[in-house]
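Visitor: Order-wise, the sequence lines are chains A and B. If you use the numbering used here, the first sequence closes out at 252, no skipped numbers anywhere. If you use the numbering used here, the second sequence closes out at 92, no skipped numbers anywhere.
It is worth saying that the hints were derived from the structure and are not from the lab. C-beta: ideal position from N, C-alpha, C; glycine also. Possibly wrong hints are sitting among the right ones.
[To be verified] Listed next, with one range per pair, are the computed distances between beta-carbon atoms:
| hint | chain 1 | residue 1 | chain 2 | residue 2 | range |
| --- | --- | --- | --- | --- | --- |
| 1 | B | G58 | A | A207 | 46 to 52 Å |
| 2 | B | H2 | A | E85 | 44 to 50 Å |
| 3 | A | G213 | B | D27 | 24 to 30 Å |
| 4 | A | E245 | B | D27 | 44 to 50 Å |
| 5 | A | S82 | B | V55 | 54 to 60 Å |
| 6 | B | H18 | A | E219 | 50 to 56 Å |
| 7 | A | D65 | B | R17 | 43 to 49 Å |
| 8 | A | P235 | B | V55 | 44 to 50 Å |
| 9 | B | D59 | A | C161 | 40 to 46 Å |
| 10 | A | D202 | B | H18 | 47 to 53 Å |
| 11 | B | D28 | A | I31 | 20 to 26 Å |
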Amino acid sequence: MSLSDRSHAIELILAFADDKHLMGQQHAEWIGVTPFLEEDLAFCSIGQDELGHAALLYELLVDEDDEAAIDGAIDALAFGRSADEYRSCHFVELSTDDWAEAFVRHWMFDLADRLRWEAVASSTNEALRDIAARVEREELFHRMHADGMLDVLLESDEGRCRLRAATEKMAPLALAMFEPVEGETQAVADGVIDRPFAERRDEFVAAVEARVGPIDWGEPPSQDGRRVRSADWAPLMARMREVFELDLEARW
Amino acid sequence: MHTYEIFLKKDGRDEYRHAGAVDAANDDLALVMARESYIRRAEGDRLWLVRRDHVIVGDRDFVSPNADKPHRHHDGSAVAARRKASREESTS
Numbered sequence: 001m002s003l004s005d006r007s008h009a010i011e012l013i014l015a016f017a018d019d020k021h022l023m024g025q026q027h028a029e030w031i032g033v034t035p036f037l038e039e040d041l042a043f044c045s046i047g048q049d050e051l052g053h054a055a056l057l058y059e060l061l062v063d064e065d066d067e068a069a070i071d072g073a074i075d076a077l078a079f080g081r082s083a084d085e086y087r088s089c090h091f092v093e094l095s096t097d098d099w100a101e102a103f104v105r106h107w108m109f110d111l112a113d114r115l116r117w118e119a120v121a122s123s124t125n126e127a128l129r130d131i132a133a134r135v136e137r138e139e140l141f142h143r144m145h146a147d148g149m150l151d152v153l154l155e156s157d158e159g160r161c162r163l164r165a166a167t168e169k170m171a172p173l174a175l176a177m178f179e180p181v182e183g184e185t186q187a188v189a190d191g192v193i194d195r196p197f198a199e200r201r202d203e204f205v206a207a208v209e210a211r212v213g214p215i216d217w218g219e220p221p222s223q224d225g226r227r228v229r230s231a232d233w234a235p236l237m238a239r240m241r242e243v244f245e246l247d248l249e250a251r252w
Numbered sequence: 001m002h003t004y005e006i007f008l009k010k011d012g013r014d015e016y017r018h019a020g021a022v023d024a025a026n027d028d029l030a031l032v033m034a035r036e037s038y039i040r041r042a043e044g045d046r047l048w049l050v051r052r053d054h055v056i057v058g059d060r061d062f063v064s065p066n067a068d069k070p071h072r073h074h075d076g077s078a079v080a081a082r083r084k085a086s087r088e089e090s091t092s
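So that you can see chain A by itself, here it is in the shape it has in the complex (with noise of 0.2 Å):
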């Protein structure tokens, strides 16, 4: 599979992955210490379909023939890149050990990955409305699992109002996911995309202030088209190559 007819979507469907990616690693990195063991399960399998879904995007920026060939260019593209080829946001670049703002995060980035899936159900790019289609059934068990805790956390005052303090210091770097990236028009002219994310951005904050109620979204930090990557992206970008760095030659 490859985009090369489509070469000016290639910034959007990175951005996409490097965003899959790194919230894949992210919730990972909570194994063991979520609240409590059921959730535990639940967080990282949510993480660990984020992966998934990465690798299946970056695959489409891959021009390999044989799978061996496949995986090393997938690789090569989730943990060999130069910091300013990434094009993740900064809200997935975050690390935080703060369990509420985990949660929320998870719970935002979902309701905004559909807008982002919904934009290629149609797309003209067989590939990716194959891939849009394959990870609906996934993406409706993060749903499940962010509205059912929502539900329930949203009961007490504590709940409400630890929630609504963990979305506020989301919301800027939320609504920076859904800044353009280069091709983007191009993308919606070819019919890649149905229109261009940031149209969706509303819809996002209604979606939001639904749950929590009314919050102050503050300004999203500069990301200059998701060229610039924040602090926290190096330190998260090590962890993740750790095992990897032990071999580069090694076969897995």
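Add chain B to chain A, keeping to what the hints say.
Guide: This is chain B only, laid out in the frame that chain A set:
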């Protein structure tokens, strides 16, 4: 939080079997947690959840007295043993 007992069924011919338990805040989350805790590797394709406090439990004093009624065991082993003993007696 409530504790839910999990029952799974893999194949149409199999019966539901107890797989374990999860703690969850409500029925919907129990389904989500059960899915992640017990069916991650497709261990079943059908799922029952029962809240543990909805299970009707027979008290041990109520259940155990029947342990002393060997005459209700009808696998024939006692009869077979007697017949074997009597055969051995007649041939000796």
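Visitor: Can you let me know if the beta-carbon spacing of B:G58 and A:A207 is within 46 to 52 Å?
Guide: With Cβ atoms ~49 Å apart, the hint holds.
Visitor: Can you tell me whether the CB distance of A:S82 to B:V55 sits inside 54 to 60 Å?
Guide: holds, 58 Å
Visitor: Between B:H2 and A:E85, does the beta-carbon spacing fit 44 to 50 Å?
Guide: holds, 49 Å
Visitor: For the pair A:D202 and B:H18, does the Cβ-Cβ distance stay inside 47 to 53 Å?
Guide: holds, 49 Å
Visitor: Could you say whether the range 43 to 49 Å given as a hint is met by the Cβ separation of A:D65 and B:R17?
Guide: Since the Cβ atoms of A:D65 and B:R17 sit about 45 Å apart, the hinted range of 43 to 49 Å holds.
Visitor: If you check the beta carbons of A:G213 and B:D27, does the distance land in 24 to 30 Å?
Guide: holds, 26 Å
Visitor: Is the hinted range of 50 to 56 Å satisfied by the C-beta distance from B:H18 to A:E219?
Guide: holds, 54 Å
Visitor: Using the beta carbons of B:D28 and A:I31, state whether their distance is inside 20 to 26 Å or not.
Guide: holds, 24 Å
Visitor: Could you tell me whether the CB distance from A:P235 to B:V55 stays inside 44 to 50 Å?
Guide: Holds, at about 48 Å.
Visitor: Could you see if the CB distance from B:D59 to A:C161 stays within 40 to 46 Å?
Guide: Given range 40 to 46 Å: holds, Cβ gap about 45 Å.
Visitor: Between A:E245 and B:D27, does the C-beta distance stay in 44 to 50 Å?
Guide: holds, 46 Å
Comparing the model with each numbered hint stated earlier shows that all of them hold.
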